[in-house]
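Place chain B on chain A using the hints.
So the sequences go chain by chain: A and B.
Going letter by letter, the first sequence gives residues 39 to 520 in our numbering.
Going letter by letter, the second sequence gives residues 25 to 121 in our numbering.
Any given hint could turn out to be false.
[Said to hold, decoys possible] In silico PhoX-like cross-links for lysine-lysine, where the CA-CA straight-line distance does not exceed 20 Å: (1) B:LYS54 <-> A:LYS447; (2) A:LYS391 <-> B:LYS102; (3) A:LYS129 <-> B:LYS102; (4) A:LYS123 <-> B:LYS102; (5) A:LYS369 <-> A:LYS70; (6) A:LYS369 <-> B:LYS108; (7) A:LYS369 <-> B:LYS102; (8) A:LYS391 <-> B:LYS108.
[What the hints assert, rightly or not] Derived coverage of chain A by chain B (criterion: at least 3 residues anywhere in the stretch with Cβ under 8 Å from a Cβ of chain B; other residues may be distant): (9) 339–346; (10) 354–363.
Honestly, the hints are just simulated from the structure, not real lab data.
Remember, predicted model here, so these are calculated numbers, not experimental data.
For every residue, glycine included, the Cβ atom is placed at its ideal position computed from N, Cα and C.
So the chains spell out like this:
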Amino acid sequence: MHHKTLAELSQALKNKEYSSRELTQYFLDRIKQHDTQLNSFITVTEELALKQADLADQRLAKGDAEALTGIPLAQKDIFCTQGVKTSCGSKMLDNFIAPYDATLIRRCNEAGMVMLGKTNMDELAMGSSNETSFYGPVANPWDLERTPGGSSGGSAAAVAAYLTPAATGTDTGGSIRQPAALCGITGLKPTYGRISRYGMTAFASSLDQAGPMARSAEDVALLMNVFAGHDPLDSTSVQKEVPDYTADLKSPLKDLKIGLPKEYFGEGLNPAIAEALEKAKAVFAQQGVQFVDLSLPHTDLALSVYYILAPAECSSNLSRFDGVRYGYRCKDPKDLEDMYCRSRSEAFGEEVKRRILIGTYVLSQGFYDAYYLKAQQVRRLIRDDFTKAFQSVDLILAPTTPTTAFKLKEITDPVSMYLSDIYTLALNLAGLPGLSLPVGFSEGLPIGMQLIGNYFSEATLLKTAHQYQCASDWHLQFPKNF
Amino acid sequence: MSLDPAKLQAVANLARLSVSEDELNQFAAKLNSILALNERLSLVDTTGVEPLSHPLELNQPLRHDLITEHNQRELFQKIAPLTKAGLYLVPQVMDNE
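So here's chain A without its partners, still in its complex pose (with noise of 0.2 Å):
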């Protein structure tokens, strides 16, 4: 049963062949029975999750269910659900039961779909290790010594070991795409303001992205279908129609244009990469695509861009936390002074507070032009490399991460950690979508490929990720001992 896709649970659900309760109770079977190995739950919303199993079985009996009506799915610990602790993977907020629904949990629930629980992710979305998170680390399925990357990591792990059959991700750097790749499954990040980010703990809001992560780009695109959707709770959400993600997944390829930017292929890309993507590049040869050769000459500024204007936003976002109104508030604090600052130092990880320390410096009087006006007018010119890309192909093709999968404490240093994400952050600085997909092993851990897209391609993405994954079966390979 857990090998299959959405469209076949939802398909069998509809015939009868299980009710939405059995499917959930089969899911919540395997996360007690294999999850002690992963860690990547921090919590199990078991008696939640029947209670709307029962609700969904009765719209499947009345005939007025959805597409993922009783499907179960798991939530990053990042969205606010009501009723339940919503951590965000820290200390910080281990005490905090979200009083409201994030929008996107709303309209899962909508929909009809199945919590099963929340997943393990770094603290406050910051980290590509899931090393960060006040819960301990997640291991990667493939192997257990390994990480699941981060942030999205507990989402990506559980997905890849089959313990839902579907996830959300958020990704500000590429915490759903680097983890997805690391993981051997499906992630996409859309066009900032596609999704709601209401209720979603906010990082770096102008790169902050909700997205789904899956098995298949076709379980993508159905997710895509219930998550995306202007929100007015959300004043960047955008206003633009939804397209059916689903409708043009299976039109050719023929003609299409695939740009290759050269500085994402240069040196420090594991040759074991660079060769499975030479591979996926023949079986879209193969389906009629053209590839065209191009130059992104700002490529390697983005790391330099994204960890000021990250740190930034997110010192200014974490102002929040004050141990006022809700989260850790320490003991017997002497003064309000000492209550700030013990709170926040008691309950933030030594990441958070690097980041917080850099942000608030780069923001700090007589430093803001050196550091982060020079920043954004950086990050225009990497948009603007982008946009002019974009008028001579349709996609971009590159790798997601610069290799697979490290081992769990490899990297202590966090300059090394954060180069993990050099080939995904010049797209949330950008603002475009971009989606991972599995291309292939490299001793025996998955190796992912990023197509990255101009705004509001996410169909185009898809239907791409999903012509090569019906001439490709490296999407249905799944670690053996789940």
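Frame of chain A; chain B shown alone:
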């Protein structure tokens, strides 16, 4: 530009983080390696380039000034560390005199 422990202490105060002496030195070294990433930005000519703060450059949408939310004070205060009579309590700020 680099951060020495004294400068870092000042930044930590601004961010309302308390950092011990030991931590200051550790943090300073790691933060400087991150700040070093940014040196190459200063080599880029950005004369006349407008800063980009939002990828889609959209205007903020306007809405009618209508009441759309109702008061949920009790619900929101249920998760507060300390409240009294509908107010959030923090350590006393002003002297009694």
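* Hints violated by the structure (numbers, ascending) -> Violated: hints 2, 5 and 8.
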